[in-house]
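Build the full structure now, drawing on both the sequences and the hints.
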Amino acid sequence: MQDIQTLLRNYLKAVILPGDLVVDATAGRGRDTLFLAQCVGDNGKVYAFDIQEEALASTRELINKHGWERRVKIIKASHSQISAYVPPGIKAAVFNLGYLPGSSSKVVTRAETTVQAVKQALNLHTYKGLMVITVYRAHDHALEESEALLNYLTSLEKKEFCVLQGIYLNQKELSPYWIIIEKNRRKN
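First residue of the sequence shown: 1, per the numbering used here; consecutive thereafter.
Please note that a few of the clues may not be correct.
Okay, the calculated beta carbon distance ranges per label pair [unchecked claim]:
id : residue 1 : residue 2 : range
1  : Leu169    : Glu147    : 17 to 23 angstroms
2  : Asn43     : Thr154    : 33 to 39 angstroms
3  : Thr154    : Gln52     : 29 to 35 angstroms
4  : Leu169    : Glu144    : 21 to 27 angstroms
5  : Asn64     : Asn184    : 34 to 40 angstroms
Honestly, the hints are just simulated from the structure, not real lab data.
Just so it is clear, CB atoms sit at the ideal spot from N, CA and C, and this is done for glycine as well.
Structure below.
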């Protein structure tokens, strides 16, 4: 069986085309940013957000190593500011909620900013655009964030969005889970 990230990347690969506009809302160590840059090709654009300089440096180093600087715009800002930086037309967005792998778990994603970011990104999505979210639940504010996110997502109009959640049933109670959201309808 595939791990969560591989599963979600397979969904993303089926949707993202060369030239598309995509967002990595939580750049972290840059692995999703790199994957997205590969998908969009030379004519596409990845907007990668993080608030931690360590994360941005890791992402920048990984992107530069592959020579894809022109494909990626790295932004030191909260993902809750997506609409200030990204134009309409997002084909895909990736969120990994929690904290920067390999660092202190004191800086974490939070309910308020995460829900704001998801709302903004969905408003900027194209028809049939995809958002994938991995929710890590083993940090101090994780349960609050998870609950707020699920409350918001269950309120989305089913004619406009399809929201799918997956979880490991036979793993520890606070194992990560994933969410996939597809925009089903064009705005009038």
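Hints, one by one, checked against the model:
1. Distance hint check: the CB atoms of Leu169 and Glu147 are about 20 angstroms apart, consistent with the given range 17 to 23 angstroms.
2. Range check, Asn43 to Thr154: Cβ separation about 37 angstroms, and the 33 to 39 angstroms hint holds.
3. Separation of Thr154 from Gln52 is about 30 angstroms and conforms to the stated range, judged on CB atoms against 29 to 35 angstroms.
4. A beta carbon spacing of about 23 angstroms between Leu169 and Glu144 agrees with the range 21 to 27 angstroms that was offered as a hint.
5. Under the hint 34 to 40 angstroms, the C-beta atoms of Asn64 and Asn184, about 38 angstroms apart, fit the expected range.
Consistency note: the structure conflicts with none of the earlier hints.
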